[in-house]
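K.L.:
All the letters of the sequence shown, read from the start, carry residue numbers 0 to 183 under numbering that gives the first Met the number 0.
Hints were generated in silico from the structure; no laboratory data involved.
Mixed in with the good hints, there may be bad ones.
[To be verified] When the alpha-carbon atoms are kept at most 20 Å apart in a straight line, the in silico SDA-like pairs for lysine to any residue are as follows:
hint, residue 1, residue 2
1, Lys136, Gly53
2, Lys77, Asn62
3, Lys136, Asp125
4, Lys124, Asn62
5, Lys85, Tyr65
6, Lys85, Asn62
[What the hints assert, rightly or not] Pair ranges (Cβ atoms, derived):
hint, residue 1, residue 2, range
7, Pro61, Ala175, 40 to 48 Å
8, Ala37, His171, 20 to 28 Å
9, Gln163, Ala82, 24 to 32 Å
10, Ile159, Lys85, 35 to 43 Å
11, Arg87, Pro41, 37 to 45 Å
12, Arg87, Gln39, 25 to 33 Å
Heads up, the beta-carbon is just placed ideally off N, CA and C, and yes, glycines get one too.
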Amino acid sequence: MKHYTYYIIALLTLFTACGNTDYEYSGYPCYFIFNNSASQSPALASATNPNSPGIFCRVTMPNANYFNFSTNLGLSDKVALTALDKQRTNKLGVYNGTGIIIGYGNLNNPAILYAYDSQCPNCFKDTSMPRYQLTMKTNGTAECGSCHRKYDMNNDGLIIDGDQGDKLIRYHASIAGGIVSVIN
């Protein structure tokens with residue numbers, strides 16, 4: 000009788016662990032490696048400082064010669080690509096369309112480093128066109144000018160206003176020794 004009790008408890012434990020989970024990271028390819036110790040973008044440095052969470056930086060590559068960085072607080076700069084940068088196949092988000100957004104969220108301690116695609120996931124899903132760039136706000140939200148959804152970049156890219164839908168497209172991100180990596 001005791002054996003059955005143990006089996007029942009084990010089965011109940013297994014069933015409670017199973018559930019419908021949302022994937023945390025996107026399956027879309029993304030590849031960005033930037034040595035901020037050498038190239039020094041003040042905009043990117045402000046967003047990748049864990050001691051100043053809530054600042055997010057959009058990274059775009061408008062041509063083959065430089066990266067463009069702009070934060071939700073209005074700081075922007077551009078940095079010329081190094082020879083090493085030019086050898087890499089940079090992929091800044093879905094189809095290299097609107098770039099990526101990098102920054103530490105301000106809701107967790109320690110702060111979580113987030114990297115998102117810079118376009119509305121729901122408008123992209125509806126049209127398959129990578130042309131719906133989000134507008135970053137100083138309060139750590141991002142808004143789509145087309146569907147008017149608002150996303151919380153401090154909280155895993157969840158929708159906080161507007162119609163239901165998908166949260167922001169998220170990529171793997173890390174920082175080590177001044178080198179910012181966003182790789183999927």
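K.L.:
Each of the hints needs a verdict: does it hold here or not?
P.N.:
To see whether the hints hold, each was checked on the structure:
Of the supplied pair hints, the one linking Lys136 and Gly53 holds, its CA atoms being roughly 10 Å apart against a limit of 20 Å. Annotation: proposed proximity of Lys77 to Asn62 holds, straight-line Cα distance about 11 Å (limit 20 Å). Distance restraint check for Lys136 and Asp125: the Cα-Cα separation of roughly 24 Å exceeds the 20 Å cut-off, and the hinted pair is therefore not satisfied. For the hint linking Lys124 to Asn62, the alpha-carbon distance of about 26 Å lies beyond 20 Å, and the restraint is violated.
For the hint pairing Lys85 with Tyr65, the CA-to-CA distance comes to about 9 Å; that is within 20 Å, so the pair holds. Taking the CA atoms of Lys85 and Asn62, the gap is about 11 Å. The hint holds against a cut of 20 Å. Restraint check, Pro61 to Ala175: a C-beta distance of roughly 27 Å breaks the suggested window 40 to 48 Å. At roughly 22 Å, the beta carbons of Ala37 and His171 sit within the given window of 20 to 28 Å.
One distance hint, 24 to 32 Å for the beta-carbon pair Gln163 and Ala82, is violated here, with the actual separation near 47 Å. Between Ile159 and Lys85 the CB atoms are about 39 Å apart, so this pair conforms to the stated range of 35 to 43 Å. At about 22 Å, the beta-carbon gap between Arg87 and Pro41 misses the expected band of 37 to 45 Å. Separation of Arg87 from Gln39 is about 18 Å and departs from the stated range, judged on CB atoms against 25 to 33 Å.
In summary, the numbered hints that this structure violates are 3, 4, 7, 9, 11, 12.
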